[in-house]
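Q: Each chain is listed here by its residues.
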Amino acid sequence: MTNFWNSFGIILYATLIYATPLLYAALGSCFSEVSGVVNIGIEGMMTAGAFTGTVIAYFTGNPWIGFLCGGLAGAFFGMLHAIATVNLGADQTIAGTAINMLGPGIVIMIAKVLFNSTDTVPLTASQKIPKLFSGVFDTSTVFGRFMDNVFANYASTYLVFLAVIVVWFVFYKTRFGLRLRACGEHPQACETLGINVIAMRFTCVCLSGFLAGLGGACVTMTVSTQFRPISIVGQGFIAIAAVIFGKFRPHGALVGCLLFGFCSGLKVVLGGSSGINMHLISMIPYVVTVIVLILFVGKSRVPAANGKPYIKTK
Amino acid sequence: MKKKSFLDSVADSTFIQILISIILGFLVGAIFLMIMGLSVGAAYGRLINSVTSLKGFSYVVVYSVPYIVAGLSVAFSFKTGVFNIGAEGQFVVGSMAACVVSILCPNIPKPLLIPLCFLAAMAAGALWGIIVGFLKTKWGINEVLSMIMFNWIAFYLSNFIAGLPAIKSEGSAEATKNIAANASMLFSKDFIKRVGLCPTANWGILVAIAMMLIVWFIIEKTTLGYELKAVGSNKFAAEYGGINVNRSILTALAISGALGGLAGALQLMGMGSRISIFSSQEGFGFAGIVVALIGVSNPFGVFVSGLFYGALMYGGSKLNLVGAPTQLINVIVGTVVFFIAISVIFKNLNRRRARANRNAEAAIDKRASLQKEDKK
Numbered sequence: 001m002t003n004f005w006n007s008f009g010i011i012l013y014a015t016l017i018y019a020t021p022l023l024y025a026a027l028g029s030c031f032s033e034v035s036g037v038v039n040i041g042i043e044g045m046m047t048a049g050a051f052t053g054t055v056i057a058y059f060t061g062n063p064w065i066g067f068l069c070g071g072l073a074g075a076f077f078g079m080l081h082a083i084a085t086v087n088l089g090a091d092q093t094i095a096g097t098a099i100n101m102l103g104p105g106i107v108i109m110i111a112k113v114l115f116n117s118t119d120t121v122p123l124t125a126s127q128k129i130p131k132l133f134s135g136v137f138d139t140s141t142v143f144g145r146f147m148d149n150v151f152a153n154y155a156s157t158y159l160v161f162l163a164v165i166v167v168w169f170v171f172y173k174t175r176f177g178l179r180l181r182a183c184g185e186h187p188q189a190c191e192t193l194g195i196n197v198i199a200m201r202f203t204c205v206c207l208s209g210f211l212a213g214l215g216g217a218c219v220t221m222t223v224s225t226q227f228r229p230i231s232i233v234g235q236g237f238i239a240i241a242a243v244i245f246g247k248f249r250p251h252g253a254l255v256g257c258l259l260f261g262f263c264s265g266l267k268v269v270l271g272g273s274s275g276i277n278m279h280l281i282s283m284i285p286y287v288v289t290v291i292v293l294i295l296f297v298g299k300s301r302v303p304a305a306n307g308k309p310y311i312k313t314k
Numbered sequence: 001m002k003k004k005s006f007l008d009s010v011a012d013s014t015f016i017q018i019l020i021s022i023i024l025g026f027l028v029g030a031i032f033l034m035i036m037g038l039s040v041g042a043a044y045g046r047l048i049n050s051v052t053s054l055k056g057f058s059y060v061v062v063y064s065v066p067y068i069v070a071g072l073s074v075a076f077s078f079k080t081g082v083f084n085i086g087a088e089g090q091f092v093v094g095s096m097a098a099c100v101v102s103i104l105c106p107n108i109p110k111p112l113l114i115p116l117c118f119l120a121a122m123a124a125g126a127l128w129g130i131i132v133g134f135l136k137t138k139w140g141i142n143e144v145l146s147m148i149m150f151n152w153i154a155f156y157l158s159n160f161i162a163g164l165p166a167i168k169s170e171g172s173a174e175a176t177k178n179i180a181a182n183a184s185m186l187f188s189k190d191f192i193k194r195v196g197l198c199p200t201a202n203w204g205i206l207v208a209i210a211m212m213l214i215v216w217f218i219i220e221k222t223t224l225g226y227e228l229k230a231v232g233s234n235k236f237a238a239e240y241g242g243i244n245v246n247r248s249i250l251t252a253l254a255i256s257g258a259l260g261g262l263a264g265a266l267q268l269m270g271m272g273s274r275i276s277i278f279s280s281q282e283g284f285g286f287a288g289i290v291v292a293l294i295g296v297s298n299p300f301g302v303f304v305s306g307l308f309y310g311a312l313m314y315g316g317s318k319l320n321l322v323g324a325p326t327q328l329i330n331v332i333v334g335t336v337v338f339f340i341a342i343s344v345i346f347k348n349l350n351r352r353r354a355r356a357n358r359n360a361e362a363a364i365d366k367r368a369s370l371q372k373e374d375k376k
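If you read the protein sequences in the order shown, they are chains A and B.
Numbering-wise (my numbering), the first sequence opens with residue 1 and increments by one.
Numbering-wise (my numbering), the second sequence opens with residue 1 and increments by one.
Keep in mind that the hints are not guaranteed to be accurate.
[Unchecked claim] To spell it out: a stretch of chain A is covered by chain B in this simulated footprint if at least three of its residues, at any positions, have a beta carbon under 8 angstroms from a beta carbon of chain B; those stretches are: (1) 108-116; (2) 221-234; (3) 239-250; (4) 277-283; (5) 289-296.
Read the hints as simulated data drawn from the structure, not as lab findings.
Where a beta carbon is used, it is the ideal one built from N, C-alpha and C, also for glycine.
Please work from the sequences and hints to get the whole structure.
A: This is the structure:
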């Protein structure tokens with residue numbers, strides 16, 4: 001029984017660790033996709049955020065300034081994407097692909113200049129995002145250790161769950177959210193009602209970059225303490241997958257990210273003990289996602305105007 | 001007839017737009033080099049020097065082959081209205097299928113083994129495409145989502161197979177055995193030395209050219225291509241016109257997947273010779289997306305852009321010799337793709353101007369007809 005609770009605690013801990021960055025990026029993706037702009041540049045925006053967050057935290061010594069700057073770096077690339085796709089009517093897939101090359105390319109070049117290496121200097125404990133409730137639980141008891149595993153988690157994890165609630169509220173309970181969703185369904189109709197579609201979409205794409213940047217910063221400022229070119233490998237795409245999985249709703253994306261995180265946690269525990277081939281175990285999250293899609297989720301309805309450039313007619 | 005202004009010719013010619021994008025890409029690269037205090041001349045000089053010698057150019061050609069064929073895979077999918085973000089996974093399973101066939105049957109004579117490896121790779125890639133297509137047509141599962149998943153499944157599957165006792169290298173290397181000599185596409189050592197080519201010179205480029213022609217033929221000259229394009233441009237109209245949309249999607253993904261798989265085999269049998277157990281994806285499929293975009297999904301364009309990409313990748317690997325970071329290449333290519341994306345503004349501008357002209361002409365006509373009525 002002790003073993004079970006220990007393993008379970010570790011799985012939940014790993015779930016949260018894996019899901020947090022995905023969730024930030026997925027919320028970002030929601031903003032962009034729901035407003036009608038495909039954003040496959042999330043990956044590049046995360047990389048930019050991961051690098052900038054770590055570097056600023058390293059130079060200022062303050063993890064929160066670093067975290068915020070990580071978001072701003074993501075927002076910068078979000079803005080590039082917005083200028084191309086929203087203002088200039090560019091193909092959204094092409095522009096996103098460009099961002100995925102530009103983001104990592106630029107930050108790794110800066111890393112070379114600053115550190116003479118593609119990796120940044122590891123952060124010290126005080127430069128990392130702090131853990132909440134660490135030492136609160138008595139780890140000598142089984143229950144205490146379980147609670148410590150699950151709840152003594154990074155502040156960024158608590159923050160992202162708060163963010164899910166806020167985003168859900170914004171999407172479904174505010175005027176801004178209603179307009180945002182309408183822009184992704186029928187921009188021409190929105191325009192006739194006096195909604196500035198261009199401004200709405202521009203804001204949403206920048207926001208999506210900001211959140212993706214925060215997600216990237218989470219990766220390099222919590223468990224791992226330095227930025228490396230392989231810090232962000234595919235998380236951005238997994239986040240996009242989680243959003244499609246969640247049918248373009250923030251709470252759906254939450255389920256997608258948690259499912260994915262949970263399977264990754266399972267992978268960590270099974271990989272250590274079961275003797276099954278590590279590579280096969282590593283497949284679990286992806287296989288489970290496909291199976292869950294087939295069994296429970298099925299068709300994901302894409303916002304009607306998603307992917308179509310909106311060109312204002314005079 | 002008015003003389004065409006410069007802006008008009010830019011708007012009309014995709015070629016000029018791409019050329020301008022490439023120039024801008026190198027300009028942005030130059031700005032970054034200057035910010036870093038590096039010599040632009042030295043870096044770009046190195047880049048050009050390393051790809052223009054005979055040996056360098058043979059490297060470029062060898063590098064380009066997998067990019068061209070992966071690019072054709074993605075371009076074909078774009079033409080048929082799906083976005084093959086799964087080329088990465090198809091590349092990986094194709095490469096592994098060819099590897100397994102060659103290691104398990106090393107004694108089949110060369111003229112049989114090489115086509116057999118190609119077929120195995122294409123079948124594996126096509127299967128990877130069809131699975132995704134089946135998920136889409138049967139359960140309506142978004143293909144982008146399942147492709148992202150299947151890219152990773154392919155990646156871990158390849159790592160798993162590479163570690164199997166029958167496949168894994170006997171040495172300490174975390175990789176497969178070398179492929180059978182009979183499956184290698186390399187030119188003979190004597191020939192390479194005599195002509196002065198790079199050590200991995202091979203005839204893969206001929207396969208790439210053949211594929212370019214086949215893809216062009218399918219898309220432009222066959223009923224199948226017509227149907228696939230029809231589904232790609234308007235699913236509902238195609239269905240109304242009597243085309244089986246689901247079968248079309250499956251066919252498109254199968255062909256696209258087969259090309260992705262073949263790209264993997266060409267890389268392995270041309271320059272790779274074995275598959276390593278990787279810690280992260282290699283990115284040939286994602287490069288294929290970029291190549292397809294720069295080549296505007298035209299088979300011939302993809303061929304040229306594949307060579308361009310191969311040249312940048314090979315030349316870029318030499319950049320650190322002059323102290324410039326290799327990542328400069330990603331910035332340049334990223335900028336090129338970015339400007340290609342926004343080059344639509346020329347077309348939009350033109351459309352707007354054409355509308356303005358039409359309106360003006362209509363106004364003149366109207367006035368003329370009014371004047372006529374007045375005279376009566």
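Q: Run every hint past the structure and note whether it holds.
A: Here is how each hint holds up against the structure:
no. : hint    : verdict
1   : 108-116 : holds (count 4)
2   : 221-234 : holds (count 3)
3   : 239-250 : holds (count 4)
4   : 277-283 : holds (count 5)
5   : 289-296 : holds (count 4)
Checked against the numbered hints given earlier, this structure breaks none of them.
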